[in-house]
Structure formats: structure tokens, C-alpha cells
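**Student:** Next come the chains, spelled out residue by residue.
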Amino acid sequence: MSLAEIEAETESKRVGEETGGSLGREAWKRLRRDPVAIIGFVLIAFFVLVALFAPLLAPYAPDAQPGAGTITPTNIPGPSAEHWFGLDELGRDEFSRVVYGARQSLLVGVVSLILGMSLGLLMGFLAGAFGGKVDTVVMRLVDVMLAIPGLLLAIAIAAVMGPSLLSVMIAIAAINVPIFARLLRGQMLAQREADYVLAAQSLGVRRRSIMLGHVLPNSVSPVIVQGTLTLATAIIEAAALSFLGLGSADPGVPEWGRMLASTQRYLASAPHLAFFPGTAIVIAALGFTLLGERLREALDPKYRR
Amino acid sequence: MTAATALLLDVRDLSVTFTRRDRRDVRAVDGVSFDVRQGETVGLVGESGSGKSVTALAVMGLLPDRGVLVDGQVHFDDDDLLTLPRDRMRDIRGRDIAMVFQDPMSSLNPVVPIGVQVTEVLVRHRDMHGEAAREEAAELLRRVGIPDPVRRLKDYPHQLSGGMRQRALISMALACRPRLLIADEPTTALDVTIQAQILELLKELVSDSGTALVLITHDLGVVAGLCDTVHVMYSGRVVESAPRRELFADPRHPYTGGLLGSVPRLDSPRGEPLRPIPGSPTDTLPWAEACAFAPRCAHRIGACTGQPPPLEVTGDRSLRCVNPLAEGEASPNPAVAPPASVPPALEEEPT
Amino acid sequence: MLRFVVRRLFQLVPILFGLSLLLFFWVRALPGGTAVALLGERATPETIAQIERLYGLDRPIWQQYLSFLGRAVRLDFGNSVRTNRPVVEEMLRTFPATIELALAALTFAIVVGIPLGYFAARRYGGWLDSVTVSASLLGVAVPVFFLAYILKYVFAVQLGWLPTAGRQDPRVDAEHPTGFYVLDGIVTGNPAATWDAVEHLILPAIALGSIPLAIIVRITRASVLDVVNEDYVRTAEAKGLLARTITRRHVLRNALLPVVTVIGLQAGLLFSGAILTEKVFGFPGVGNFIYEAISFRDYAVLQGFILVIAAVYVLVNLAVDVSYGLIDPRVRVR
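Protein chains in written order, with this note's numbering: chain A, 114 to 418; chain B, -5 to 345; chain C, 638 to 971.
These are calculated hints, taken from the structure and not from any lab test.
Every value quoted in this text rests on a predicted model; they were computed, and no experiment measured them.
C-beta atoms are modelled at their ideal positions from N, C-alpha and C, and glycine is treated no differently.
Keep in mind that the hints are not guaranteed to be accurate.
[As the list claims (entries may be wrong)] Computed beta-carbon distance windows for the label pairs: (1) C/VAL949 x A/PRO148: 54 to 64 Å; (2) A/GLN377 x C/PHE662: 30 to 40 Å; (3) A/ARG319 x B/ILE295: 33 to 43 Å; (4) A/ARG138 x B/PRO280: 24 to 34 Å; (5) C/GLU726 x A/PHE166: 50 to 60 Å; (6) C/PRO807 x A/ALA177: 36 to 46 Å.
[To be verified] Only pairs whose alpha carbons sit at most 20 Å apart, straight line, appear in this in silico SDA-like list of lysine to any residue: (7) A/LYS246 x A/ARG295; (8) A/LYS142 x B/ARG17; (9) B/LYS197 x B/ASP149; (10) B/LYS148 x C/ILE964; (11) A/LYS246 x C/ILE964; (12) A/LYS246 x C/LEU963; (13) B/LYS148 x C/LEU963; (14) B/LYS148 x C/ARG890; (15) A/LYS246 x A/ALA171; (16) B/LYS148 x C/PRO651; (17) A/LYS246 x C/PHE647; (18) B/LYS197 x B/THR182; (19) A/LYS246 x A/ASP256; (20) B/LYS148 x C/PRO966; (21) B/LYS197 x B/ASP185; (22) A/LYS246 x C/GLY655; (23) A/LYS142 x A/ILE152; (24) B/LYS197 x B/ARG17; (25) B/LYS148 x B/LEU2; (26) B/LYS148 x B/LEU116; (27) B/LYS148 x B/HIS123; (28) B/LYS197 x B/ALA183; (29) B/LYS197 x B/HIS212; (30) B/LYS197 x B/HIS123; (31) A/LYS142 x A/ARG409; (32) B/LYS197 x B/THR187; (33) A/LYS246 x C/ILE736; (34) B/LYS197 x B/CYS170; (35) A/LYS246 x A/ILE152; (36) B/LYS197 x B/ARG239; (37) A/LYS246 x A/ARG321; (38) B/LYS148 x C/PHE654; (39) B/LYS197 x B/PRO237.
Start from the sequences, fold in the hints, and give me the full structure.
**Tutor:** This is the structure we're talking about:
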């Protein structure tokens, strides 16, 4: 008997054990008491609210140039009372651009997540539910997609589709398809052998209804966790693609990644142009990372330490 | 075993409490006392959760540093093991006191060859190195009955059967001819046929080398074949101690009686049902207020609750019960008869 | 073991086949079709006709694919539109730089990450553990190019301790027989050149290494936490072994198994990160070259590079699998 088991056993000797509710309610209870999860949630709320109310928050339009004419490459004013985040290299209000950038970021993150998750889950479901040849074909396709490093895959797709917001979304979705396909297939394969599935089978429940009624609902929580974490990476990947010049075709559209890229030459004279959009990316991505990690720990007893 | 042999291990009022943040403390061992004389074989018997494994780990100094409070004394030679500096304890472990664990698969390092796992003890405690250590390791494996030991040295744990793995673990434990061996459920994870072989091997090795043995088990059948003295534990306390013959012939604590009654015996009348102890080991009362066994006890009287039952010592027996069984009450056949799970080979008297 | 390697090699065939198919159709799907895509701005009716003849674009599609495959196997990926040199030559020029950077990043991540993860686990719940866990969560959320900017601004621009860009100071007199600049300095007996190359590597390597660092720390920590509770570690303690023997032989040797796998899985992330890091530091490697290829719509370069990078990536994963077999005896016998 290992020490952990001994402890577990002595634990169970306690009188008045906690009565376990449903997994979701338990997890929710744990999350609400978890300061890290709360920080994550607050960051996400902040990010989403800024994105939604950008026109109210931003003093200028993202492409307005209130400082036009006063800007030279060596003189890009930093934060001031009038321009909280300073001006950028074209004399635009950096604060307004960062605020509007949240919209792009949220939009690309959510749409690409939904696209990638739907297709990935569909593929994973087909592979997991039918097995055999379907499984082989789907998983080979997934292998090929995984054989190309994520950003390179996105670059290849964006190159075919030309620079636009839609192509960025599709490119990021493509990175996430194999992740969700593998996740759901793995879940389904693991659960196909689970006792409750065998029990349902022995009661004569049809395979389709077992898959839809038992296996799928039980795979929901890892998908939610992965979805939350993927939102974080999608936001970073979107920034990376626009950093590489593969974002929206309109340079007036404020994208955090492109804002960072265009500031490269002015790093020495105007570091604020790198600091603010960079911090914005971190805040958005950190929120989803923290919440996702804690969600995983709350939902999966294995991660609970 | 004569009383003249010297005291080797003396456990006095040992208590182990697990503490956890935001949770109530759990007292897994609650004032346990027993001693072990040189060459003696002592059984610690109880259901899982009775605190017998934790007792062994406390003696070995293997409980985690944090979240555990250990109280009492464990005298070995002139030292109190509980207060000994960590380095001194490392010197004693594996050399003077060794331990064999329950699950031979998980107790061996899966990515290190058996040979290295044996020789590392020799390197550490016997200052043997290189070829000499390897030869000694092969000899140790041979002595525990592992065939082709030289070749086995290079094998990894997963290449050995369960019984062979437990033999390998025993060879490591006995590598320095310790004076005390603690075996924690050494046969529980093994097939029944292998169990008997391993018990026979343990018995042979300890009697050959004069090693004292503390055998921890839930299986009275294992005790029947091996032990000189038996301590029955329940919920962290010793409830009854007696020489083996007397315990089997005349169990006084209802829990001991229950344990005996729930073991299948060859000599019981055909068709007589086993009498399992009702309830589970988690149905306990705190010792401070009552007898912990009272909720499951058929012999319960009013005096069992309300105050802790005192420990009464008579001769070489002791008992913690206010309403013990009368003589012969528990066993339909007062003769000591080994349970069915122990083959006749084990019936011989220990020398 | 050999059979295991051979079997895994055979499993690569469908992946590489699928990749080549994908990239073949990728070029066809590009705006303007194959010929225009491969020629870029040099596309005139004459050159288009020429390339269509050369690539047999008038032939049936499966013949075109076969000839593409044949050329790919001979590493003939055509010419770069931008530099007008064979793509394979550009690979030979840029790959050593990126491999050097990736190795430096990985070294940094391993050397820092494994001890950090180990000590965080051993002091589980302590301040080092809390800091390490928080930092690794933050590490996931900080984009590598932003971290690169921060490092560059603080250590190169403000403090001036390290160079801001490039692989080698042009004022340093150095020869480059191998293309691995650190190695070149050693081979040519030029310690100044080696030191200069190392100085240029430090910041990009730390920035790029932050990606695997965060993951290595977390996996090491989780893995050590698992292993120290294993029965065999208790057995080792029961044998009275010295703490350092237990750490080395019984804890780390088991705890590092999952870390090795994870390091292998980092190869793809490293390539992605290299593109971004190299751009910030003007580091003349594969990433920078690809970035410029994107800007110039240099599709022949992209096609060739993606194919080769994917092949390398797949081979690295194979190597990780094999090395896993080498260190875990349980895998070996199967």
C-alpha cells in the first residue's frame, strides 16, 4: 500500500464526508474559490468589455491622425495626459488603436476557434465513432497537418487566400483542427472501453445512441478546457500572423501584431509603441490561459494537487 | 522464543497524525507500543486502515516531512529512531533495518536494471564495488531462489514475474544481513501459489540469518505459519497482543475473534458459513471516547462507549476490551489449525 | 530496436506523401496558378510559357505531380524569385543559422527548465514553486516577438550589453566553413569570432527558448511530483541510499522520460517561434528568409522550405521516439 493510498484511506475515515454533487457543480464551486481562476476571469471580462465598448472608450477613431505633422522618426511623443499611450509613428492615438485592436483580436480568436473546433470535433467524432478506415484516413490527414509547424501552416494558407482577416481566421482554425480532432477521438476511444459503455451495450442500447448519448457528453469538459486554452493561443497566433504582415489588407485597421511590427524601427526612440500593444496581447492571452488551466484542474481530479 | 534474548526494537506510545490544511487532523496511529526481540518474528495484524503500515513507515523514518506529526519513541540499539539525525537514519536503513513492500511491481524502479538496484545497497552500506559487488549481487539473487542470477542482473523489473520481483526485493532488503526486517504485506499482491513460496522463503532466510521479522498483514493465515507474537491492531491502536498459539487457541478481543471467524479453515465443519465482521473499518468511534470497534462489535455492552477501554496486561498477553470473549467462545475448534491458504510446509515449528 | 526504427520510418511514408500532395496543390491554388506563382514579378507571357513547358503544366495532373515529386526528392525546388538563386542553396545558407539558434534556445530551456521544475516540485507549495508556476503560465501568454522586443530594448538598446541584431559583427574578421558561426570560430581557431557569435545568439536564444522553457518547467515539475510519490522511490529510501543517488537514479531518470517527449514536440513550436524571433533580431536564418519570402510572394521558396521543414520536423519526432526507446527499457523490448 502506497503512502498516498494510506492517506486516502485515513481521509475516508473522516466523519461527514463531503457529498459530491455533479462534476460540473463541484468544478464550479472550486473555481469560484480559486484566486487564479478569478484573476483569469477578470482579465477576460476586461478584454471583452474593452472590445465591445471600444467606440465609447477610444477618444479617437483608430485611423485618425491627431498628431499628424508633428511626428518625426526621432520624435514620437510617449504617454501624456492627452494621449494616454502616446502617439504612433503616423501620429495616431496609440490608446485608441490598442482599444480598437481588442475588437480585431477577439473577433479573430473567437471565429477561428469556432471554425477550428467545429471541423476538428467533426473529424474526431467520425474517427472515434466509426473507427476502421474512416479513422485511418482522418488520422493520416491529421498527421499531415501536424507535420507542418503551426505558424508555417497558417502562412501557407494565408498566402493562398491573400492577406485578409478571413484568411487569418481560416489559417488559425487550420492549426487547431488537428488538436480538437485528436482530443475528441482519444476521448471516445478511451470511453468506448469504459464500464458504463459496456454496460449500455450489454443492455442492447444501439451504438449510435451510446455515442451520442453517453460518450459525447462525457467528452465535453476536456473540449471546454482545450477551447479556453486555444483561445489564448489563437489570440497570440493572430498577432503573430499580423506581425508577419499577413493580417488585414487595410493597414488602417488596428491589429496588435502589426502595431508591434511597424514599431520595430522606432524601438529605441519610442518603446511605448511596443509596450502597449504587447501588454494588450499578454492580458488577453493570460486571461484565457489562467482560466483554462484552472478549469482543467477543477474538472480533472488527476490535476488536483 | 525465550525471554532471555535481548530486546532489539522497542516501540513506545507511537502516534502518527496526518495534518492537512483546511481539514481535520487524522490520527492514523494512536499510542502503539510493542517490542521485538532478536531473531523474533512479530506479526502486526489488522484490516487496511488500522495503522499497521503507517506504524512501519514511522519506524523506518519514511513518512513525509510535512503534514505528519510523529510522537513517542522507537528505540533501536541505544538510539531513538524518531529523533535520530537524518544522515544517521540513512546509515541504519537498509543496513540494520530493512523493509519489503507490498507491490513488487511498483516498488522496483522500472528503468534501472535489477542488478544495479541490488548492488547500490552493497555500494552504499558494504563498501563493495565493481565486479565484487556484482558477484555478491548474483549470489544474493541466487540465495532468494532466482534462477540464472548472473543473467538476471541485466534484466529490468518488467522482464520478471511478480514472484521473482518480490524475491529480488527481498534480496535487496537482506543484502546487508539486517538485524530487523519489516515486511509490509509482502504476499498480498501475489498469486496464491506464489504467496506460499515467498512466505517459505522469508521464514527460511530470517531463521538462517537470525534476522528479526516484523510481518505486517491483514491475513491471519500468514501469521499462523510464521509469527511468534501477534499484535492485532484496530483503528490505530493495538487491541490485543499474545503469543501466536494462545491467540489462535483463545482469542479474547471480539475483533480478533471476528478476524479468525472470517478466515476459511480446513477443519471447520462442512457447510459452516464464514462469519465476516459486519460493517467496514471506516465505522469507528474516536478512541478518546469509546472503543473504536464498538459500532461493529457483537459483544458490545454499555461500558464500551463513554470512556476509552483500558489496556489490561496479564502475563505475556494484553487486551484492550471491557467485555472480552470467554475462553473458547470464538473458535469452534480450540486447536491451532492453520487456515487453508497456508500449505502444510508452513506448519513446521519455527526453530 | 532496429525493427522499431524501420517500422517508424515506414510510418513516415504516408505523412510525407500527404505533405507533398498538399504542397503540390498549394502552389496550384495560389493566386494566378503555378506558373505565375513561381515566377512572381518576372511573369511575362514568354517566361510563363517557358515554365509551363519546363514543369510540364500541359501534361495530365498526375504526371505533373510525379515530376514534382521527382524533383523534390532530388531537392530541386526551383529558384527563388527574390534572390534568383536555387532554393536549395538558400536552404544551405539559412538552415545552419536557424539550427544554431534553435539548439541554443533548447539548451537554454533545458538547462534552466529542468532544475527549476525539479526544485519547484521538491519545494512544492513554497515560494519558488509559486513563482515558477506563475512564470510558466505567464510564459505561455507572452508572445515570443513581444518578449524579444523587451529583451532587445532592455539589454541591447538601453544597457548596450549585447548586440541588437544579426549573427556576427561585420567588423569581426571571421570565416564560415560550416555555416554554424559558433562552431566556425572554433574550427578556424578564432575565439573572438566565436565569442561574437555567442553574444549575437544570447538574446534571440532566450526569447525563442522561453517557449519550450515554460513547457519543460511545467512537465518536469508535474513529473517529479508524480515520481517522488512512487513506491520505488520509497524503496530506495528504505535502502538508506544517499539523497543524491535517489535523486539521480530513481527520481530524475524516471521523471525525465515525459520531458524528453515534450522536448521533441517543441520542434514545431521552435520553428514557428524562430520565424518571429529572427525577424525581431534580424537574424539571417530560415525564419527571416521565410518572412521575406512572404513579403515578396516568393512561393517557390515557401513551397520548398515548408516541405523540407516538415520533413525535418517529422524526422525529429522520429528521433525523439527512438531516443525514448533508448532511455525507457519498457518501450525497448516491444
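**Student:** For every hint, state whether the structure bears it out.
**Tutor:** Hints versus structure:
Against the hinted window of 54 to 64 Å, the Cβ-Cβ separation of C/VAL949 and A/PRO148 comes to about 43 Å, which falls outside the hint. Hint check: A/GLN377 to C/PHE662, Cβ distance near 35 Å, so the stated range 30 to 40 Å holds. Separation of A/ARG319 from B/ILE295 is about 59 Å and departs from the stated range, judged on CB atoms against 33 to 43 Å. Range check, A/ARG138 to B/PRO280: Cβ separation about 32 Å, and the 24 to 34 Å hint holds.
Checked against the hint of 50 to 60 Å, the pair C/GLU726 and A/PHE166 passes, with Cβ atoms roughly 53 Å apart. Evaluation of the 36 to 46 Å hint for C/PRO807 and A/ALA177 yields a pass: the beta carbon distance comes to about 42 Å. Between the alpha carbons of A/LYS246 and A/ARG295 the distance comes to roughly 16 Å, so the proposed pair stays at or under 20 Å and holds. Pair hint A/LYS142 plus B/ARG17 holds up; C-alpha atoms about 17 Å apart against a cutoff of 20 Å.
Using a Cα cut-off of 20 Å, the hinted pair B/LYS197 and B/ASP149 is violated, with the two alpha carbons roughly 27 Å apart. Among the hinted pairs, B/LYS148 with C/ILE964 is consistent with the structure: their alpha-carbon atoms are about 15 Å apart, no more than 20 Å. For the proposed pair A/LYS246 and C/ILE964, the alpha carbon gap of about 34 Å is over 20 Å, so the pair is violated. Annotation: proposed proximity of A/LYS246 to C/LEU963 is violated, straight-line Cα distance about 32 Å (limit 20 Å).
Distance check on the hinted pair: B/LYS148 and C/LEU963 sit about 15 Å apart at the alpha-carbon level, within 20 Å; holds. For the proposed pair B/LYS148 and C/ARG890, the alpha carbon gap of about 17 Å is at most 20 Å, so the pair holds. In summary, the hint linking A/LYS246 to A/ALA171 is not supported, as the alpha carbons are separated by about 54 Å, beyond the 20 Å threshold. Annotation: proposed proximity of B/LYS148 to C/PRO651 is violated, straight-line Cα distance about 38 Å (limit 20 Å).
Note on A/LYS246 and C/PHE647: the hinted pairing holds, with a Cα-Cα distance of about 19 Å set against a maximum of 20 Å. For the proposed pair B/LYS197 and B/THR182, the alpha carbon gap of about 16 Å is at most 20 Å, so the pair holds. A hinted pair counts as satisfied when its Cα atoms are at most 20 Å apart, and A/LYS246 with A/ASP256 qualifies at roughly 15 Å. Among the hinted pairs, B/LYS148 with C/PRO966 is consistent with the structure: their alpha-carbon atoms are about 11 Å apart, no more than 20 Å.
A threshold of 20 Å between alpha carbons decides the hint, and for B/LYS197 with B/ASP185 the separation of about 18 Å falls inside it, so the pair holds. Of the supplied pair hints, the one linking A/LYS246 and C/GLY655 holds, its CA atoms being roughly 16 Å apart against a limit of 20 Å. For the hint linking A/LYS142 to A/ILE152, the alpha-carbon distance of about 16 Å falls within 20 Å, and the restraint holds. The suggested pairing of B/LYS197 with B/ARG17 is violated, with an alpha-carbon distance near 42 Å, which exceeds 20 Å.
Distance hint between B/LYS148 and B/LEU2 is unfulfilled; the C-alpha atoms sit about 36 Å from each other, more than 20 Å. Annotation: proposed proximity of B/LYS148 to B/LEU116 holds, straight-line Cα distance about 17 Å (limit 20 Å). Of the supplied pair hints, the one linking B/LYS148 and B/HIS123 holds, its CA atoms being roughly 16 Å apart against a limit of 20 Å. Restraint check for B/LYS197 and B/ALA183: the C-alpha separation of about 18 Å stays at or below 20 Å, so the hint holds.
Distance check on the hinted pair: B/LYS197 and B/HIS212 sit about 18 Å apart at the alpha-carbon level, within 20 Å; holds. Straight-line distance between C-alpha atoms of B/LYS197 and B/HIS123 comes to about 30 Å, which puts the hinted pair past the 20 Å bound. In summary, the hint linking A/LYS142 to A/ARG409 is supported, as the alpha carbons are separated by about 14 Å, within the 20 Å threshold. Distance restraint check for B/LYS197 and B/THR187: the Cα-Cα separation of roughly 16 Å lies within the 20 Å cut-off, and the hinted pair is therefore satisfied.
Pair hint A/LYS246 plus C/ILE736 does not hold up; C-alpha atoms about 38 Å apart against a cutoff of 20 Å. Between the alpha carbons of B/LYS197 and B/CYS170 the distance comes to roughly 17 Å, so the proposed pair stays at or under 20 Å and holds. Restraint check for A/LYS246 and A/ILE152: not satisfied, since their Cα atoms lie roughly 46 Å apart, outside the 20 Å limit. Annotation: proposed proximity of B/LYS197 to B/ARG239 holds, straight-line Cα distance about 17 Å (limit 20 Å).
Distance check on the hinted pair: A/LYS246 and A/ARG321 sit about 18 Å apart at the alpha-carbon level, within 20 Å; holds. The suggested pairing of B/LYS148 with C/PHE654 is violated, with an alpha-carbon distance near 42 Å, which exceeds 20 Å. Of the supplied pair hints, the one linking B/LYS197 and B/PRO237 holds, its CA atoms being roughly 17 Å apart against a limit of 20 Å.
Hints 1, 3, 9, 11, 12, 15, 16, 24, 25, 30, 33, 35, 38 from the earlier list are contradicted by this structure; the remaining hints agree with it.
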